[in-house]
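Number of protein chains: 2
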Amino acid sequence: MEISEIQAELEQYIQYYYQQNFNNRPQSLYEPLQYIMLQKGKRIRPLLCILAFNLYRDDISSAFGAANAIELFHNFSLVHDDVMDDAFLRRGKPSVFAKYGLNNSILSGDVMLVYCYQLLAPYLVNKPAILQVFTKTAIEVCEGQQFDMDFEETENVGIDDYLQMIKLKTSVLLGASLKIGGILGNANNKDLENLYNFGINIGLAFQLMDDWLDAFASPEMFGKAVGGDIINNKKTFLHLKSMELANDSQKDKISQITQMPKDNKKVNAMLEIYKELGVEEENKKLMRKYHLAALENLKAINVDEKKKHNLTIIAETLLKRIK
Amino acid sequence: MEISEIQAELEQYIQYYYQQNFNNRPQSLYEPLQYIMLQKGKRIRPLLCILAFNLYRDDISSAFGAANAIELFHNFSLVHDDVMDDAFLRRGKPSVFAKYGLNNSILSGDVMLVYCYQLLAPYLVNKPAILQVFTKTAIEVCEGQQFDMDFEETENVGIDDYLQMIKLKTSVLLGASLKIGGILGNANNKDLENLYNFGINIGLAFQLMDDWLDAFASPEMFGKAVGGDIINNKKTFLHLKSMELANDSQKDKISQITQMPKDNKKVNAMLEIYKELGVEEENKKLMRKYHLAALENLKAINVDEKKKHNLTIIAETLLKRIK
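From first to last, the protein sequence lines stand for chains A and B.
Be aware that the first sequence starts at 646, since it is given in my numbering, and climbs by one per residue.
Be aware that the second sequence starts at 646, since it is given in my numbering, and climbs by one per residue.
Think of the hints as simulated: they come from the structure by calculation, not from any bench.
Don't be surprised by glycine CBs; every beta carbon is placed ideally from N, CA and C.
All the given hints hold, so there is nothing to weed out.
Label pairs and their in silico Cβ distance ranges: (1) A:672 - B:805: 11 to 21 Å; (2) A:893 - B:730: 46 to 56 Å; (3) A:806 - B:949: 55 to 65 Å; (4) B:870 - A:914: 58 to 68 Å; (5) A:670 - B:744: 31 to 41 Å; (6) B:773 - A:920: 58 to 68 Å; (7) A:909 - B:670: 33 to 43 Å.
Over 12 Å on every C-beta distance to chain A, these chain B residues come out as not near it, computed from the model: (8) 878; (9) 893; (10) 908.
Some chain A residues near chain B, calculated using beta-carbon distances under 7 Å: (11) 671; (12) 674; (13) 791.
Just chain A, same shape as in the assembly (with noise of 0.2 Å):
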């Protein structure tokens, strides 16, 4: 199959399923669940556990309701994180916080972890391992959401440590959605741990070009403004690799940017810095070397090279933005 023909028929599974149920009481609870489930977002998640699952089996319908489990802890994620990080939009419309406050975010939120795991228990009788898998990796994304937020206020943050963050934060969902698709696919040991390793490696390129392309994007490539990780100090791989390779004077140029007001002349400045000390190519450096790394994972499962045609795809598809 096509992954378009599979993306629409996901999308029409979930639309019905979020269509059809949650229309009880209390409304106030359920509405805000059916705002955001609603909403046609990119489904990569479920996309890349359904594509796992159909490098071994075809009936990929009968891995919908994991799959729907995956986006609905994604979906959740973010109606927490819009509370914690005070944001009004999403995806260009009114967060679930903004729209419906506080309390119901919080609430929503909750009963969405909740159903994750309702949507989960007709596949665990048959496959047990899934359960660890998804509440380990919900335990990391809470821990890279909180290490985001400890970032904010740390003086010294290492290259370590933020890729560690971007990991637990992006990647190990993308990881667990594959390989919970080869899962339910019965694959081997190894071809989990590849599908798995292949969803980290995309996640960590993915998040290196995010940086990139808010950094040195023309606003039409990157589809917003551009510069708001400079304008908000944001302590990007860009930002933590420039004061790495700083010498003093660059390091005290580079505190007296962070101190200007939010405007153009910040962000131009700090440019000039990243241009002295080749962050740029750094930056690209190593998202190759991840989007490289996904690639030896795909090359290493062990099934018909043409059957990995559409997982091959996302990976480009996904990191396109810059080569």
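Put chain B on the given structure of chain A with help from the hints.
Just chain B, lined up with the frame of chain A:
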């Protein structure tokens, strides 16, 4: 075994578990969890779980992990409820919200909820039914909290709505604690139903007792200031029953009282109405009804009467404050 011995063993297990675990990073995520779990609360729910298990089996420590999951879930709900209710005190100490702030309360609560499933996982291989009971209950507790919040802004709350709300918010978790203990003890389905309903009825009786105490107890008897529900216009059974029985002029009077300044005069004026309408007796009557129903449930459980001694004591202890 005597209740006090069981309680001591259980407490020791819980203290050990939360002291040994959760010492890893990020500390800001796990410190609030340890803070609340290491407080010596009443541990009613895990105790009920173990007492139900103990009807059938003596190796009580084999059920401690599941009992712990229930206690962790209860505390998760307290952490998030205290955010939603803006509550700074819990068990006479600063709440997690007061001590660690909004974001850490949300995220620590989330990870607590996930860890409940981690704790239940080892039991699911042999007893998959536990997942369904736990998850259904967790959903209902969220619904109960939402109804409670909604009722604050609802004009016409009926008595049935109120009883349904306290059932969801409080009783179902007591019922589930007992049922999970029973499942682990290999109880038959009829016993499981009676255990569950014992918890439901105890919970309803307990909440009605709490409503009564808040209005009529002496401060020494209640352990805190009396009249809080009246001062805050809480839609308790007493209030709702009064609205049901009141004639038009009494309704006007109640409405005037709800707008009085928050002091003793307000409390006394409302108590006068309660007296006129005889709702104190109605409250006690309903409480007794649930208490008796609970004892009937206990009686119907198919184990030696002597074994039921501890659960009988618990029912009496929970409800002893008024007769």
